[in-house]
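Participant: Listed below are the residues making up each chain.
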Amino acid sequence: MSKIQDKFKELKSKNEKALISYIMTGFPNENTTLTIVRGLVRGGADIIELGFPFSDPIADGPVIQNASTVSLNKGAKIEKFFSLVKKIRKETDIPLVLMTYTNVLYTHGYSAFMSKAKSVGIDGLILPDMSIEESKEYLKSAKKNNLDTIFLVSPNTKNDRLKKIARASTGFLYMVAVFGTTGVQTKIHKYTIDAIKNAKKIVGKKIPIGIGFGVSTPADVKKYVSVGVDAVIVGSANLKIIENTAPSKLQRKIVNYTKTLKKSTRVN
Amino acid sequence: MKIGMPKDGRFGDFGGKYIPETLVPAVEELEENYQKIKSDKSFQNELDYYLKNYAGRPTPLYFAENLTKSVGGAKIYLKREDLLHGGAHKINNTLGQALLAKKMKKKRIIAETGAGQHGVATAMACSCLGLPSEVYMGYKDTVRQQQNVFRMDLLGCKVYPVKSGSQTLKDAINEAIRDWITNVDTTYYLLGSAVGPHPYPVMVRDFQSVIGKEIKKQMKNVPDTVIACVGGGSNAIGTFYPMIDDGVEMIGVEAAGKGLKTGMHSATLNAGKKGVLHGMMTYLLQDNDGQIKETHSISAGLDYPGVGPEHAFLKDAGNVKYKSATDNEVINAFLALTKTEGIIPALESAHAISHAIKIAKTRSKSDSIVVTLSGRGDKDIDIVKQYLRKNVKNSR
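Protein sequences appear in the order of chains A and B.
Going by the numbering used here, the final residue of the first sequence carries number 268, and the count climbs one at a time with no gaps.
Going by the numbering used here, the final residue of the second sequence carries number 396, and the count climbs one at a time with no gaps.
Wrong hints could be hidden among the right ones.
As the list claims (entries may be wrong) - What follows is a list of derived Cβ distance ranges for each label pair:
| id | chain 1 | residue 1 | chain 2 | residue 2 | range |
| --- | --- | --- | --- | --- | --- |
| 1 | B | Asp8 | A | Ser111 | 47 to 55 Å |
| 2 | A | Arg252 | B | Asp287 | 52 to 60 Å |
| 3 | A | Asn198 | B | Lys38 | 33 to 41 Å |
| 4 | A | Lys201 | B | Lys105 | 26 to 34 Å |
| 5 | B | Lys273 | A | Asp194 | 49 to 57 Å |
| 6 | A | Asn15 | B | Ile3 | 58 to 66 Å |
Read the hints as simulated data drawn from the structure, not as lab findings.
The structure displayed is predicted, hence computed values, not measured ones.
Quick reminder that beta carbons are idealized off the backbone N, C-alpha and C, glycines included.
Turn these sequences into a full structure, and let the hints steer you where they fit.
Facilitator: Here it is, written out as structure tokens:
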């Protein structure tokens, strides 16, 4: 069993859902990333999603786009990313998921990239532009390297396809909450709730389901937990805090924010 | 693999559908509807009607006698796509796709544009067919192609300047894709080149193939050589595809910008490597980490770090040769055609002209070269003026 799978099992026994916290590495700079990760861990995040920037992030809204640009302008390189993961791994055992775009892996060769990622301590991968049709080589390499492949599904994904994607996914299934790109939303749509309930019914016994895109408040988390998700993924909201907080106060702010979200994942 | 017939949306290794899951139903719906209209006589008749009466097809194949004489060598013919409504080949594709969107009962059309030619052609086709249009355009391109922005305004099309990334065509495509993801139910994405996820490369090729089909008819036989410029590659693939099995020498010309060695160019097939962008696997200009590089070309329409997947395939298969022309060579070709023939070509098309001049010299007088003159150059007059002014200054 992978570290991610173990985590979901552990949480189940505690009657909790997973809080998955996303940040963009190298934003606002490389050193601060480690500080932020410490804040997420202390705040009680269950899984950390580390973003590695791509020049053309088509699935991302303005907040993550901006973070990607900053990170790249400050010299983000995959080698530096791997060193950072190594450093994080020295401090914590928390499951780490890499989120980036297909070309970053493809250009280094799926197999070479994944064996390196695994060796530094990455547990799973999320590629928003990797469709199952194109995933044969990707899946083969991931399996060989014991990395979880976390695919995305959307509220408009049909049931037969949902089943197919769930079969290709390990760790958890990432459900996109909205028709749209990443970023904070002002409301939870009925179609999202319906999609979660449907996905739980169709594939929920086989794989945990996480909801992401637009999740930002404890109320969001409570609502999603109440309709049965196994994980909530918070991304752009973290980056907004990072954007708007003075460095000296950043870690504490992240700890507190993460704590309030985590509290809402506990099922009473 | 039979050339030109993609299997599972791929041309060999190239193409495919690397897209966010939200777009999958939209792309499947598009594919299904495209298959239907492909063999639907009434659709094709309707499209032919608009191509003839609205866009001005067929376009002439003009023997450029003066240019031929001044170069000395093979006969140079021009396929006059510049005479189409809107001033470029783009209308062949936008009429086809806008008609399809209408059949699919889509309420809203979005598009990206580089030089603005596809944006204008989209706005025109949409006005003609009574559809609202919105166009994404890199901020840098809105500045260097202000006339086209104003044309779109006049046509009632909303233009959104894109300020992310390099602020050119690739970023306009990113933004259009994001819009499509957000409004997937109501919106039709009218992609302007033979790029993107399957079925776009095939569909755009098919709509542009009218160029090559007409050339064959007009030449009575096939020419010895055909030449077209390649950015995304829609006018080129539309020229080549109908002749793919005819033993014609086919040459695509990319933008070498300030020179292939300077890194400031858009010659994807000449200098790129395989990768994934905008839903397709193709050749890309990218760094060692897979980050897409900023490109340069004097022509906004070729300023793109990727290329249509079928071109990538044809390059590797050896069916088509891909050459390049520098900004300087392009300006010279632009001036040569303007002076000898009184035809002002788009800077994009001037890439193809430049290469035609280069090789015509080396060929026999009985040889024929057809150049697809993909667009007219009115939009580029200011750029040429600035370039000449700067270079006259520099040479003093």
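Participant: Indicate, hint by hint, whether the structure satisfies it.
Facilitator: The hints, checked one at a time:
no.	hint	result
1	Asp8(B) / Ser111(A): 47 to 55 Å	violated (22 Å)
2	Arg252(A) / Asp287(B): 52 to 60 Å	violated (37 Å)
3	Asn198(A) / Lys38(B): 33 to 41 Å	holds (34 Å)
4	Lys201(A) / Lys105(B): 26 to 34 Å	holds (31 Å)
5	Lys273(B) / Asp194(A): 49 to 57 Å	violated (44 Å)
6	Asn15(A) / Ile3(B): 58 to 66 Å	holds (60 Å)
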